[in-house]
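Chains as they are written, first to last, in my numbering: chain A, 71 to 539; chain B, 71 to 539.
Hint data in this document are derived by calculation from the structure and do not stem from the laboratory. Keep in mind that the hints are not guaranteed to be accurate.
[Stated by the list, open to error] When the alpha-carbon atoms are kept at most 25 Å apart in a straight line, the in silico DMTMM-like pairs for lysine to aspartate or glutamate are as follows: (1) B/353 x A/361; (2) A/509 x B/170; (3) A/511 x B/350; (4) A/78 x A/95; (5) A/225 x B/503.
Spelled out, the chains give:
Number of protein chains: 2
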Amino acid sequence: MLDRKLLKSLERVVGRQYVLTQPADLLVYSYDSSTARGMPDAVVLPASTREVSAVLKLCSQHQIPFVARGAGTNLSGGAAPVHGGLVVGVSRMSKVLSIDAANQIAVVQPGVVNLQFQAMVAPHGLQFCPDPASQKVSTVGGNVAENAGGPHCLKYGVTVNHILGLTVVMPSGEVRQFGSTALDPPGYDLVGLFVGSEGTFGIATEITLKLRPLPEGTQVVVGIFDTLEASGRAVSTIIGQGIVAAALEIMDRSTMEAVEASFPSGLPTDAEAFLLIELDGLKEVLDARAERCAQICREAGARTVEIGKAPADRERLWAARKSAFGATARLSPAMLVNDATVPRTRIPEVVRQMQEIERKHRVRIAKVFHAGDGNLHSNILYDRAHPEEMERAKAASVDIFHLCASVGGTITGEHGVGSEKPEYMSLIYSPDDLAAQRKLKRLFDPAGLANPGKVLPAETETTMAGAHA
Amino acid sequence: MLDRKLLKSLERVVGRQYVLTQPADLLVYSYDSSTARGMPDAVVLPASTREVSAVLKLCSQHQIPFVARGAGTNLSGGAAPVHGGLVVGVSRMSKVLSIDAANQIAVVQPGVVNLQFQAMVAPHGLQFCPDPASQKVSTVGGNVAENAGGPHCLKYGVTVNHILGLTVVMPSGEVRQFGSTALDPPGYDLVGLFVGSEGTFGIATEITLKLRPLPEGTQVVVGIFDTLEASGRAVSTIIGQGIVAAALEIMDRSTMEAVEASFPSGLPTDAEAFLLIELDGLKEVLDARAERCAQICREAGARTVEIGKAPADRERLWAARKSAFGATARLSPAMLVNDATVPRTRIPEVVRQMQEIERKHRVRIAKVFHAGDGNLHSNILYDRAHPEEMERAKAASVDIFHLCASVGGTITGEHGVGSEKPEYMSLIYSPDDLAAQRKLKRLFDPAGLANPGKVLPAETETTMAGAHA
Chain A
71 MLDRKLLKSL ERVVGRQYVL TQPADLLVYS YDSSTARGMP DAVVLPASTR EVSAVLKLCS
131 QHQIPFVARG AGTNLSGGAA PVHGGLVVGV SRMSKVLSID AANQIAVVQP GVVNLQFQAM
191 VAPHGLQFCP DPASQKVSTV GGNVAENAGG PHCLKYGVTV NHILGLTVVM PSGEVRQFGS
251 TALDPPGYDL VGLFVGSEGT FGIATEITLK LRPLPEGTQV VVGIFDTLEA SGRAVSTIIG
311 QGIVAAALEI MDRSTMEAVE ASFPSGLPTD AEAFLLIELD GLKEVLDARA ERCAQICREA
371 GARTVEIGKA PADRERLWAA RKSAFGATAR LSPAMLVNDA TVPRTRIPEV VRQMQEIERK
431 HRVRIAKVFH AGDGNLHSNI LYDRAHPEEM ERAKAASVDI FHLCASVGGT ITGEHGVGSE
491 KPEYMSLIYS PDDLAAQRKL KRLFDPAGLA NPGKVLPAET ETTMAGAHA
Chain B
71 MLDRKLLKSL ERVVGRQYVL TQPADLLVYS YDSSTARGMP DAVVLPASTR EVSAVLKLCS
131 QHQIPFVARG AGTNLSGGAA PVHGGLVVGV SRMSKVLSID AANQIAVVQP GVVNLQFQAM
191 VAPHGLQFCP DPASQKVSTV GGNVAENAGG PHCLKYGVTV NHILGLTVVM PSGEVRQFGS
251 TALDPPGYDL VGLFVGSEGT FGIATEITLK LRPLPEGTQV VVGIFDTLEA SGRAVSTIIG
311 QGIVAAALEI MDRSTMEAVE ASFPSGLPTD AEAFLLIELD GLKEVLDARA ERCAQICREA
371 GARTVEIGKA PADRERLWAA RKSAFGATAR LSPAMLVNDA TVPRTRIPEV VRQMQEIERK
431 HRVRIAKVFH AGDGNLHSNI LYDRAHPEEM ERAKAASVDI FHLCASVGGT ITGEHGVGSE
491 KPEYMSLIYS PDDLAAQRKL KRLFDPAGLA NPGKVLPAET ETTMAGAHA
């Protein structure tokens, strides 16, 4: 519980109604979409850079940790106040400050919802490329914190490639400008460093985005395969022929079953793989290009291939893929979401070894791949009511981390490290590499108040590892 | 002069013939392609990460500053040893270590020449997108240090968007791994931070690159205009219609005259602007797309428009643009190269005000624009033999920095800050922002040995500015 004087000071900054301390309110802010939990001492909802700055100055004076929060769709614990303290919600900072269509630049506050923003720029023929599965709900601020990906990031790059400048409130409360509206500003790239830092460096309060023209046309090709390997072969051939798809998505049998159970889409539940290929670009060539991808699917052994040209067909084909996460979540009382990434060509062997992990730990793993960039979402199903089952799910997840790291992959593609994966950072980085990252954290946040417990393993852990080594 | 014992130690590390101390040799390494100069105390040419590490450990022990050097094509002084010390040349580290065509990834040493590397991956149907004007000579290591751009970076992004991982020798001599072969590795983005740090954080000794399919086809459209404004209107219309050109390049009358004087290409020397539009992509649509761009040029008032479809025609049209820099350099005994960047739509007013700057300082400025991303190369002609003329050129350059900063632009697009522009960083960044950048520098290089005098203004300057404020 925060002391009365601090609460009064916070109320003076943001207004009394925007400081929440009732248990029912705190509960809402105690979790995100991961398994991480932590009860905050209070929640504040500032409305401006100035207010965020004043709030963080108070945190600094009273040595209270703080966690910035957008929509709380985070899948690795990034928005959960696992060490208590203050949650700084950005829901009131949801204005689009400017859209400069001629220069293809916009400035937004962090609480703007991704899809609502897309709807605002679409009339100008423009888009903000990152399109995480959560985009209906998730905020641009959250996308920046996690360096969010999405199906279309295969072609257009993840969030960091679309951010030009940031106004950041540092943990001290000081306000800094990183980057600018110009391409490749001089000096050190603080924008690139801040994007993906998961709220551990401070809070971005104004975000300058790079927009891109909407494609003229889009077509979708879906192939159904009897083996995951065959769908992987099709992906390799498409990429090998130099076709730059806008998205390349695979679902396995468990995921298709889940989709059919919840949102019947006519998917065959006896097939092993669903491959969706989205092509975008100039209308004139999409027909030929889609036919070429369909042919590649057939040659790789697809059982059926369908091309969606009309908007309604495209939407129907995407609907199955887009409902995968929600449908899978309905299959069992809980699921552990893993998003390890591997070099694209290693996918087939990783899939084979994952099947062994399923057997070994007696768990069911529903798999959805951003296959183009090697990002594997393995959703491990379990029942929280059976602690033993949860332990097996966690053990399977750890085995997947080790497996992916062993083939040159990494422990997260787009969900971040959060509070769920810091202990696995040592699979990717040496103690010295982690020490370098820790020094960066200290530079931005000497007192360790910004989102503690996230990204980096606790110092004692590395020290102990060092002592054992 | 370095002490005898240190030289002996360096010889033991790299071999006697790879430690240069003769004045004639040192002279070669005393400058780069900018106006910066500084005589090194010695030059070493290591052959491996291990040797670079051993060299930097010796530098650290003896507190000797060092400057990494690729091909020395730097235009802002980044490779010039302005504070003396050791030049660490990477010319012997020019191996391509691996090309993984299926995963579109390659690993190279820093001394690989950009264009030679392109020739090695082209048979796989792949390219490394950054294509700086210096690509025939400049090294991938230098491209990383400067976060190099190039005509095609309009569509594909600058160097940082194409680097996945780095092996870096820190100024202490320790070897660190930044990033990995996976997209978006977990933790803080040290790759993004290192790329563009101009040799002030350490030396990259292995570079993991992201490759991209070569486009299927290419066409070039060239329009000749009677005013720079008209060419700017054509650029705005092309972008406004959502056409994503691979390159959008403008040359002004002075540059065209220079090209005609040195490499006669049939350019009219009474026109004011040459606009080159490159379109790449699928063969089937290039004809229609090129015709649309030609029509836009005509409607914007182009005097003549030519479309280059055949490879020979495309090369001829590009040849004029690619010879611009060399041709302009022949116009006068020296030139000051400025590469400020402005928001694209501000180009016409910036061009008008530049003409006033030419009159005010009685200088001639030949202008070449990467017009798509607002990067203006203003080549200010002067004669080094007339110090007064040089002073006027410098004054014009400073006015251009101020002008570009005043319209929301910046002091460098792709040439870096080097030793020529640190004092203008304060046009873009506040003293607090610069202090944050300085803290990053200290984190990587506490002793200040890595390429001193570059990127950030000398500390006394900011302190004095602070004292005056």
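Check whether the Cα positions of residue 353 of chain B and residue 361 of chain A lie no farther apart than 25 Å. Holds: residue 353 of chain B and residue 361 of chain A sit about 16 Å apart, inside 25 Å.
Could you grab the alpha-carbon distance between residue 511 of chain A and residue 350 of chain B and see if it respects the 25 Å cut-off? Distance ~42 Å between residue 511 of chain A and residue 350 of chain B Cα, so the pair is violated.
For the pair supplied as a hint, residue 78 of chain A and residue 95 of chain A, is the alpha-carbon distance within the 25 Å limit? Cα-Cα ~18 Å, so holds.
Is residue 509 of chain A within 25 Å of residue 170 of chain B, Cα to Cα? violated, 34 Å
Please verify whether residue 225 of chain A and residue 503 of chain B have alpha carbons no more than 25 Å apart. violated, 33 Å
Checked against the numbered hints above, the structure breaks hints 2, 3 and 5 and satisfies the rest.
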